[in-house]
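Number of protein chains: 2
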Amino acid sequence: MLISICRAVVTCLPLLWLASVTDGVPDPAKRELLMREETFRQTGGGVALTAAEQKLDAHLRGLKEKEMAAAQFPPAMHFFKAKPLIQKSPIFKLLQQMPKGGALHVHSSSLVSVEWLVKNVTYRPHCYICFTWDNSVRFLFSDRQPFPRWDCFYWQLLETLRAKIGDAAGFDNSLIQHLTLVTVDPDGEYPSQDVVWEKFEKVFIATAGLITHAPVLREYLYKGLAELHLDNVMYLELRSGLSRTYELDGTVHDKAWILKTFQEVTKKFKAGHPDFLGARIIISVHRALEVPAVKAAVKEAIQLQKEFPDVVAGFDLVGREDSGRNLWYFREALSLPADLGVTLPYFFHAGETDSEGTDVDQNILDALLFNTTRIGHGYALAHHPLAKEMSRKRNVAVELCPISNQVLKLVSDLRNHPAAVLMSEGHPMVISSDDPSLFGTTGLSYDFYEAFVGIGGLKANLGTLKELSVNSIRYSSLPAHLKEAGYAMWKRKWDAFISAHS
Amino acid sequence: MLISICRAVVTCLPLLWLASVTDGVPDPAKRELLMREETFRQTGGGVALTAAEQKLDAHLRGLKEKEMAAAQFPPAMHFFKAKPLIQKSPIFKLLQQMPKGGALHVHSSSLVSVEWLVKNVTYRPHCYICFTWDNSVRFLFSDRQPFPRWDCFYWQLLETLRAKIGDAAGFDNSLIQHLTLVTVDPDGEYPSQDVVWEKFEKVFIATAGLITHAPVLREYLYKGLAELHLDNVMYLELRSGLSRTYELDGTVHDKAWILKTFQEVTKKFKAGHPDFLGARIIISVHRALEVPAVKAAVKEAIQLQKEFPDVVAGFDLVGREDSGRNLWYFREALSLPADLGVTLPYFFHAGETDSEGTDVDQNILDALLFNTTRIGHGYALAHHPLAKEMSRKRNVAVELCPISNQVLKLVSDLRNHPAAVLMSEGHPMVISSDDPSLFGTTGLSYDFYEAFVGIGGLKANLGTLKELSVNSIRYSSLPAHLKEAGYAMWKRKWDAFISAHS
Ligand SMILES: [Zn+2]
Ligand SMILES: [Zn+2]
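If you're matching them up, the sequences are chains H and L in order.
Heads up: the first sequence runs through residues 1 to 502, numbered per our numbering.
Heads up: the second sequence runs through residues 1 to 502, numbered per our numbering.
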C-alpha cells in the first residue's frame, strides 16, 4: 500500500449528525466533530501529518489566509493576468520545491516551453518558415528549398528573414505569439470557447514542423523531462499521436522509431538524474477521424504496446469534445481489444465541457463503460452522480488541469471549478498541466497552486497536497513494483522537503 | 402528499453499474438504463409526465437545443447583457405562462420594479430628495421642509427640482440608476464583489425613504403581489426587517402596524385575485448587529409571531455574509427560542460565498445545527458533503437565486453554478429572485430561465420545472392544510397551462 488512508471514521459516525439536532446552542464538541468529519472526507483529509508537517501546514494556512484577503486573488483572475502574482506568492515558491510526483496528463506538442523553441530551435540552420493565408506559420527543416504546399507557398530561410527584419527580439516575440495562447488581453482576444479552440488548433499545427524534426524531437523530449524535473516532478505520462518525424533530407520515421527514441531519451535522462522515475506514452488519435481510422489506430496501439510494453501505457482520443465525435460513436473501434481478447488500457478525455446533458456530456459514462483507467479532465463529472459513484468505486482518477480549463473558457473564477465538489468528497484525483507551453507554464506548480489555493480553498491543507502528489503515482499506469519503487523515491524527497521547510 | 415521487429505482438498481463492465461494446440496453437511472436522480427526474406534458417537453427540448447552439448563450453572459436575449426567448415566454408556485426568497426593499418607484412614487406631492456627499440619494415625504441630517444637508422638493432641470426623462433615468444595480457595463462598473456589494447597500438605503412612507408602503406591497401574480406566481414569503414606517407629519408606526398593514394588503389582494394563495413575512435583521441586539430581535420575533401567526413565518439574518458576523457568533441569540421553550422557525441565509473553508463558509453547517427550515442560497453547499447529506435527509430546501449569485459576482457563467450538482442529485430546492428590483427583474421567470436553461442544461426537462414549482409549496412555511389547498390551486393552473401549450 502506498499510503494507508483510514476512511473508517466516515462509517463509524454515520448517525452523528442525526443526533446533533438539539435544543439550545448546539453542543460545541459535536459541532467540532462534524466539522472534523467533513474535513476528513476531503482529498487528503485522512492523511495523518507528522509534527513537522503540521508546522508547515500551519504556516501554509497563514499564507493562504493572507492571499485570500488580498485585493487581487489569483485563482479568481485569468491565469495570464494572475501569473505574475502567482510567481510572487510564497505558497507557489513552496509548491515549486515540493515533490509533486508525476504529470499524468500532458500532450507531447506542448511539453516544452516556447521560449526554448523560438530562442533555440528556430535559430538552427536549415530552418524554413512560411506564413499561411490565415495568418498562421509553418516551420520546416530542410537541406534544400522546400516545395510550396497547399497551405504554404513561399518558404523563407529563417536565418535570412531574421537578418532582413533586423529587430530579432521583436520578431521572436511575434513567433512566440504564434506558438502559445498567452496574451495580455485574454478576454478581448478570446471572446468565446470557439475562438480560443481555433487558436489552440492553429498553434498545434504551427509547432508541428519544429518538433517533428528528428534531431529536434530528441532534444525536445529531453528538455521536457528536464523542465519537469526542475519543478520537482519525477514522472511523466505523455499523450502523443506519434506523428511522423522527418530528417533534413525528407526521409521520415515511423511510430516505432519515435517510441524507441522516447525510450532512449528517457533512459539517458534517468542516467543523468537518478531521482527521476521515468516516462511513458499514451498513444492518442484525434476524435475527428472516422471509425475505420480509429479502428486501425487501436489495432496499431495494441501492436506497439506489445513491442514497447515499458513505454506504451495505453490509448486515448484527443481534440475538442464539444465539436468532435463522442466515444459511443467509436464503440466498434473501442471494443476491438476486448473482441481480440487483448488488453489496451484507456485514458479517455471525457466531460471537458460546459454543455450539460448533450451527447458530449455522455462521454463520461461511456469512458467508464469502456473501462477507462483514468478520466482526462472529467470537468462534468460532478454533475453526474451515477458516473461519479462508478468512478469512485472503481478507483478511476480524474486528471484535473485547472489552468487548461480556465484558459479554454470552461470556467473563469477557479473557485467555481466543479472539482471543488470532488475534492470535498475525496474523489480520486491527480493534478496535471495538459498543455503547459500553450498556457505559459512549466512543470506542475502553477496547476497545483490553482488547485490548492483556488479550488481547494482554505480547507485544502498539506494533507491534500500530500495525497494529490502520491495519487500521481498511485493512479499512474506503472506496474505495481514500479509504483512501490516510485513511492519510496517520492517519500525520500517528501521527507527532505518537509525537513527543509519546517 | 403533494406529488408522490418514487425514488425506489435508485435503491433497486444499486449494483447495476457494477455488472455493466463488460468486454466488447457495452450492452446498449444497460447503457440506456444507466442513463435513465442518472436522469431519474435529478430534480424532477422521478416526475411522471402525461402524454400532453411529454409533448410540451419535447418542444421545450428542441427550443433549448437551439438556444444552446446559438452564438450567444444567455446563461453564459452577465444577466444585464443577457436580459434582452432572454426576453426574446420562446422558452422564457413559456416560463412566464407557467404557474411557478411561490417566491420564497425575496427581500422587501427590492420587491417592486424601480420604474414604478420613480415614475409613480417620486411624482407624488411632498416628496423631497437630497444628494449625499458620496453620490447617493435620500428621499423623504414630509409636509414641511425636512431638517438637515448627518448624511444629508440640503433637501429639495422633487417637484421643484424636476421642473428646474427640465429633462424629466433624463433625470428620472438618473434616479433609476440610484435605485438598481442595472448597468450596460457590469464588468467595468463592478470589478469586484466588494464594489458591487457597496452599491448594493447604497441602493437599499436610497430606496428606504420612499417605501417606508406609510401610504406608499401599502401600495408598494400591493404592487409587489400584483407583479408576482402577473408572472404566474401565487404565493410569497417576504424577508423584511419591518423598518419603521412614517407619515407625512413625521409620526412613525411600529412593527405590529406593518404586519397588520401587510395582512390587510394581502387580504385585499386575495379578494381581488382568488387564484392567489397568500403571503407571509420572514422577519430579518442585519448580521452587522451585536449579540444583544440580535437577542432582542429574536425575542421580538417570537412575540410578533404569537400576535400574527398567519403572517410571521420565522426569522433570518441578512446582509453580506463575507463581511458580516457568522451564525455561530450569534449562537446565544439563536438558541433563545429553545431556551424559552418556544418555536421560531429559521430561514437562514447561509453559504452565499466563494470563500471555501472560512468561518463564513461554516454558516451552512451552523444553519443546519440551528435547525433551519430552509437555506438561503446555500451556494457553498455542494462543497460540503456532510452538510449536504444533513440538508437532504432533513428535507431542508435550498433557495436558489441564480441571477442574484451572478450579479453579486459569485459566478459568471451560470453553467458553472454549483447548484448544477445539487440539481443532478435531486436535492431539495426552490427557485427565487432575492432582490428582483435591483437586478431589473420581476417575478420568477428570469430566474427559472437561468436555472432551467443554464444550470440544468439539456438534462433539465419539464419534470424539473414541475418539481421546482411544486417544491415552492412543499417547502413553504405554510401549515399542512394550506399546502394542500395551495397544491390543489397550483394543480388546476398547471393543468390549464399544459392544455394551453400542448
Ligand atoms: Zn488534454
Ligand atoms: Zn437574500
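Derived from the structure by calculation, the hints contain no laboratory data.
You may find that some hints are simply not true.
[To be verified] 27 Å max Cα-Cα, derived BS3-like pairs, lysine-lysine:
| no. | chain 1 | residue 1 | chain 2 | residue 2 |
| --- | --- | --- | --- | --- |
| 1 | H | 393 | L | 393 |
| 2 | L | 81 | H | 81 |
| 3 | L | 199 | L | 223 |
| 4 | H | 268 | H | 295 |
| 5 | H | 30 | L | 199 |
| 6 | H | 268 | H | 119 |
| 7 | H | 30 | L | 30 |
| 8 | L | 83 | L | 164 |
| 9 | L | 30 | H | 199 |
| 10 | L | 81 | H | 295 |
| 11 | L | 55 | H | 393 |
| 12 | H | 66 | L | 81 |
Only a predicted model underlies this, so the values are computations on that prediction, with no experimental measurement involved.
Hints and how they fare:
no.: 1; hint: H:393 <-> L:393; result: holds (23 Å)
no.: 2; hint: L:81 <-> H:81; result: holds (24 Å)
no.: 3; hint: L:199 <-> L:223; result: holds (25 Å)
no.: 4; hint: H:268 <-> H:295; result: violated (34 Å)
no.: 5; hint: H:30 <-> L:199; result: violated (39 Å)
no.: 6; hint: H:268 <-> H:119; result: holds (24 Å)
no.: 7; hint: H:30 <-> L:30; result: violated (44 Å)
no.: 8; hint: L:83 <-> L:164; result: violated (34 Å)
no.: 9; hint: L:30 <-> H:199; result: violated (39 Å)
no.: 10; hint: L:81 <-> H:295; result: violated (46 Å)
no.: 11; hint: L:55 <-> H:393; result: violated (38 Å)
no.: 12; hint: H:66 <-> L:81; result: violated (34 Å)
The structure fails to meet hints 4, 5, 7, 8, 9, 10, 11 and 12 from the earlier list, while all remaining hints are met.
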